[in-house]
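Visitor: Below, each chain spelled out in residue letters.
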Amino acid sequence: MDKVMSFRIAACVGMTCAIAGLPAAEAIAQKVDFAGKRVEAIVPFQPGGGSDVYIRALAPHLERHLPGNPTIIVRNVPGGGSIPGANQFQSRAKPDGLNVIVVSASTVSNFVFQKSKVQYDLDKWQPVLLSPQGAVLYAASGLGVKGAQEIAKLKGQRLVFGGGGPTGAEMRFTIAFELLGLDVKYVWGVQRGPTRLAFERGEFNINYDTTPAYKKNASQLVKAGKAVPLFTLGIQDEKGNIVRDPNFPDLPTFTEVYERMHGKKPSGPGYEAWKAVMQMNVMASKSIFLPTDTPRPVVEAWRAAARNALKDPEFEKLAASIVEGYPQFVGEAARPIIKEATTLSPAVQDWLRTFLKTKHDVTY
Amino acid sequence: MYDMIVTGLIALLDVEHFAFLFAGTMLGLVVGILPGLGGIAGLSLLLPFVYGKDPTLVLPMMVGLLAVTNTSDTFPAVLMGIPGTSGAQATVVDGFPLAKRGEAARALGAAFSASMIGGVFGALILTLSIYVARPLILAVGFGEQLMLIILALTMVGMLTGASAIKGLAMCGLGLLLGSIGAAPATGEYRLSFDTVYLSDGIPLVIVGLAMFAVPEMVEILRRGQTISETAELGSGTLRGFWETLRHKWLVLRCSAIGLLIGAMPGLGSSVSTWIAYGHLAQTTKDREMLGKGDIRGVIAPESANNADNGGALIPTLMFGIPGSGSMAVFLGGLILIGVEPGIGMIERHLDLTFLIMWSLALANVIGTGTCLFLAKPIARLTLIRYAVIAPFMIVIIYFGAYQATQSWYDLLALFVLGVLGMYMKRFGWSRPALLIGFVLSMKLDAAVYQSVQVYGASFLERTGVLILLGLIVVSIFLAARMKPHREALTSDGPHAPANKAPQMIFLGVLIACFGYAIYDAFRLTFLARVFPLTVTLSTLVLLGAAALLSLRKRPAYVLYDSEREWAANAAPQRGELHYQAWILGLIGATALFGFVLGTFVYVATFLRVKARSAWRPAALGGLGAVILFALLSHFLVLDYPRGILQSLADMPWPFN
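Those sequence lines, one after another, are chains A and B.
Count the first sequence with my numbering and you get residues 351 to 714, in order.
Count the second sequence with my numbering and you get residues 516 to 1171, in order.
To be clear, the hints were calculated from the coordinates, so they are not data collected in a lab.
Cβ atoms here follow ideal geometry from the backbone N, Cα and C, with glycine treated the same way.
A partial selection of chain B residues facing chain A, derived with a Cβ cut-off under 8 Å:
1) I555
2) L558
3) S559
4) G567
5) G656
6) A700
7) I836
8) V844
9) F845
10) I850
11) L851
12) E855
13) G859
14) T1040
Cross-link-like lysine-lysine pairs, in silico, PhoX-like; alpha carbons within 25 Å at most:
15) K576/A - K505/A
16) K565/A - K568/B
17) K576/A - K496/A
18) K566/A - K576/A
19) K568/B - K667/A
20) K474/A - K444/A
21) K503/A - K615/A
22) K503/A - K573/A
23) K661/A - K568/B
24) K891/B - K807/B
25) K763/B - K807/B
26) K566/A - K568/B
Chain B on its own, in the form it takes in the complex (with noise of 0.2 Å):
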């Protein structure tokens, strides 16, 4: 066997083998950065090429991109607020802050080296691992499952902000918006108001676009700055580097979790991430900083989510159950080259099991080798003037929405849920506890009814059950005592009963929501409506809480409104509707002229408009915009929504 080991590595090691691996590398930084796009459209541009080639040339190309899109998501989520792939919602809560500080060189200077040590580590586990994962992974039936979902939902009460009701009714209102779809034990359409789209549910992906980048978006264009707020780029990327080390307890301790979470089949790294955070705030003292620029806020989920592409590859090589997304496209692969994964693959591929380790060891080194290299010069976006950057964003995450299932109604859905994302972050509505209770909904869901279908109630005699259950206790524990670290109440800040009107319409919207859920719910049988209905009452009665302590003249927590926090002199001229405005102009565009059209024009207006830019480099910048998606559309084989001019008349590609 440990000659086997060294072969792998050897064998990676010569010129062709290095170049396949270096060039899936270098492509999975790329689709990595690219929101909406992640490994699953990185490694099916793959697929086609695969087919029949060499395995020891083509497992170290797909792995190399698998290993790295977790990586390179860091440089949206930091620099610009967007997550690039959903295992980067974490990084942002922390991340962009600090590059609103003009830190972000040493935040993403933090983030690669967390990523490498997590992505190293995970390849070394994976290794380590592959005589006894079996029994382990074996060991983890209905029953734990659960748990470990309930596990992962205890994280909230850490993420809770200022006021523990209000994030508890996020929480609520992300298991009812993930409940969305067919029920897992009946497979009746929940929500879905008859239509095909929402038969499916909301794409995760649309979900973190709308509760993190839009929001961003709309603030920073309000204030009319450059997204860093100071004109000098702080100290640099070695500096993140150092405190990674500094941390390094933290680092392992969150790869690990990114570990094991991944190597659960379902769960993946926009689970992991979010327990990482969780586990950071649980067992810290000083969180006076988190959520605010605190560096162990960015290296946390880092460390978590490329470990968690070793632990996603223990189900997929020695069971053939895809532990991700983008691991069952990896599978495909897999089968393509005639390398059968699965009970024995082990015995049957060894030498190719080992050359896939190697693979993932390596190619996070090259991958966050390649990003520390170009976070310094990167991270000078910050400095450039806003309006110039957001056109740019604004078509490429609603690009990124598309690509969840190419439909108009992604388009949509990016939008109604980004108002919603703005009004939650203006009025203090935990973001975070909205997206852990959506990606674990359907989840807990199936897990709950699973496990009393199989067990009875009897599945809480189970030693792991129990070890579990122990765990949760403490977590909810420290989550009870946790005093999160709030500006005082004063009569002038933000939390105080002045002006309530916008804040008690946004309740009275979300109150009314939850009561159409009620009558969504008895349209249905038993095993489909009890989830939501437990859900959907439980919220009611903490908003309806809400609502009693807003009614109160004083203030309190559960007031919150940003508006109150500009300075006299330097509140924006505009509101937020009025770059919603300009968000829907982008929709507009498309409806008439499609997606790529549409992008030169309302990029080109945008320049002209809001950046004042002269006509001409305005319309370069549309140009540049036209020139990037049609190369996205050709090389990833992509299709871009339609508008009017396409229905009335048969247009040359790319604006077909």
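Okay, chain A solo, but in the shape it has when bound (with noise of 0.2 Å):
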């Protein structure tokens, strides 16, 4: 009886503490205030990389629309392909929104295909903001092709590419290529710069650019007449379509390309592999993360942040090139993206499987 008491009391008290709780958290809402805190956000990547301009040119707008103005101090940990970095904020990073890391492509398909080194749980953590980046696949204009339609004619002649490695950035092409039949010849350990370089020197036929690095250089050299631009990867609109690149309206994506090519839409493990990669590199190319205990009104003032400073017409004006148009997915809106491309069905991992060890003689 007694015993029957006393839990009754505790559950009351309990109760009572859990609705008392309610508005409390409610007040925390109102209160979540950065003034004179300094925020730390994670590159995983040298200084200068693309992922820590994009950090630095969104810092000073994040910091005028996060309550009480934070400063938001990078610091880079370089190396091993993000892993180190993206690990390191998983155990240290404390959940109160004055930790937030950056992440690139590179630590979505690291937290992908290599799980062994990998402690950092990536589609746990808080998205605050997710900027897909495209990329353009352009031709040397000796191979002969105006452009997409008569993409036909590159097949059975000898095409060099040249890359990072194959398990890199370049799988969204390599997997194209694969699907399209193209004749291949690959020429790894090369950066993307000096691969612009090579094509230039007549080395490699074949290239691509992500979309600022087009339109700085390579958009100068098809204006020479030495490439012909061929297709975007295209970018997923919210209905899960892949549509054209808002960049470049008038090139054709891929997806079209290959129904030009084989006359039916795209389907099979190696078209989801080619989709999946996809979504790695184009559409989860640079996103803004908060740890995953992150209380949800620290988490809704950041995405608030975020939303309003990409409003902002002095955003417009300094930093709009940072983001090129692309369509931007704060908070939830970008959860889907990342869980499609961190979840690969088997039939999709069997498919890159032979296709990485037939082709490249790689094994993952």
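Two chains, each in its own frame: build the complex with the hints.
Guide: What follows is the structure, encoded as structure tokens:
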């Protein structure tokens, strides 16, 4: 009897506390205030790289829209394909809104392909902002192709394509070449900038650049008649369809090219694999995350700041080129993309494994 | 165009612009002095401030910083034997022996003036080249890159030391160490023991510190004296300055080397300085003093490493491809201020391009002036009892090592390689040869594979390749003909066949390591293993030859033990392991208390026990180190290793 009583009392006390706690949580929501605080943004890459420039360009605008206007400082933890930096964030970052991490495509793809070294729960972190970044494939004009409509002419020609490695960001194109049935000779161990140089020298005859690099440099080669743009990877709209890249509305997407070449809509594990890799490298190109256990109100404060920063005319003026006119995904809107990029069906995994083994002699 | 050149200069000379340039230059000097920090760290410190600012103010500041890190890095290189950046490694070889002779001020004077001439030369050529550099860079394809790397590698021939076999074997070890990490052709991890740390390879800065800073430090500690063996600082800065002018052709040739190598994406001052040094050795007849304190050995690399920036700016500005690590950050900075380098940069931003060039030239003059002014007083450091300086040097090089990847493994890697470097020094295995092999390893592997992949064997038919092949042949011929200056073989000298056990053990350990490398290589696919396997097998042949020669019972150059060089009455009381244990002490203190607090404990204890200071000044010394690291952590947003203490309790800044 006594025991029951005490249980009841305890339950009552508990209930009261819980009810009392509700407005308290509400109060916290209103009281998220970073005044006088330093926010540490971990960039798991070298300073000056894409992710670094991304957060540094966004930081002043986020600062302006975060409650209390904290100072955002960037700490670079470079190397290891961003695994050490992300692992460090997982183990050390407190869920207090003063710790964020910038995630790039390689952080996502290593999460999928390098499981043994990864100690971070990318799929559980709280997304703040996700910024896609497109890419354009172009070919040397010497190959005699005038555009995507003539892409079939590339079949049987000796194409030379360079890049970092068979499992890196180039996969979004190597799989595409495979699906189009092109005969490509790969030259690995070449960084992005130098591949364009090798293309200019004529050593490579097919190459790609991400949107900003294409606009700045490769487009000059196109103007000079040395290169012909073929297709973009497109981007995914809210409904999950792949649509044309808003920066290059005149260029077809890979999906369109596939359809024209094979006369049917793409399907099957090969295309699914391409789509997963495209999610990693295009849609999840750059993103900002908070630690898993960050309280709801704090997460919401960050998302509101991101939303407002993107709308800010000041941002438009100074940093719009950082997001290059791509749709931005704030908060929960980013989650499905991350989920699609990080969960590969067994059929897709098998296809990828066979593809990497037979075409590139790589086991993963 | 010409009026734009003048406008650029006039713009810079206004007070506000000059102030930004000056501030950048001063910051560059500071980060250059600290080992492990260089242009990358300095520029990332500026990045938060550049965003949205006027490019004509920010650019001079960034360029000023970049221009002089390779100037001030000479201070620690010459005075302490610690390369301040990887561009100062070759400077240590002759600079530090000069300091030990009490000629630090002279060495610094020569180094700084050579730096300035090299830097201004680089800026000048950059200006002249903006219209012709494009076709030139485009002429360098994969085949030419491969030949350039091989040409750089032949410089090892001039730096093997007394025994050519041992020198080449060390180059092999460097190539093997450099091949650790992802294979360029397949991305497979070689010799990484399945760790994330080794998947990127060992950081260059750590290898540099381990090869030079650690062995020198242990030796001087054992000698128990000041760095300078004479109590007076000899003739000073001005003399060095005049010597640079006297060797003006050497300065110009080495500046040209620095500029050309710098302009190749992926090759930078860590390579060009060694080529400049090798070039000096090839073109001079009197090599007697080289490596033992020859002033030209300072002038050659220092002319190259500042000219390097002018070269590295060419691909950065004209192709949007960073010519070096710090240029990558600079490129990021340019994007942040809305300047888009790359094709058409010169047409779009000609005014800014000239502003950059003038800033480069002026920063070199300002930086050199400041350093020359400070050379004499700072050189007095070499007159202080080394036991007082040593704990600070130890914590600073470990600080520098940690900045490489901010991992605990950085500290362990420096310790292990430091022990290797120490025994290499003791047993006469060439450390420069190892470094050259190390910096070129991945590039060589990648270039061979890429050339073959793109051209097959036909790359040998390209004109550029043939020209470079000719140079390679000349370089090998010169190396083969070179007679290194070496002591006579005597039965009681360092080359004597007495007490061989320590040397033979070292040799045995090396052979075992290469044996393991063979085992590791067989897990890999052909493209990933062909390079390390070739290196390993060739090196094993060399090591086998060295072992056979060592077994004979007569003096030979393959035998060497510097322990036999101590005069009978001056032999140190403590062995080198005693001081390695002291270095290990820092790692221990860090493991317990974290780096900052550990530094305090360590410096204070070292000063008390080894330098016999009273407790109070010893504690003050420790406090000084803590303040330095706290300031660095605050301004450069640095992180320090954590210890057990930090995992048990939340510590206040800066101890967390």
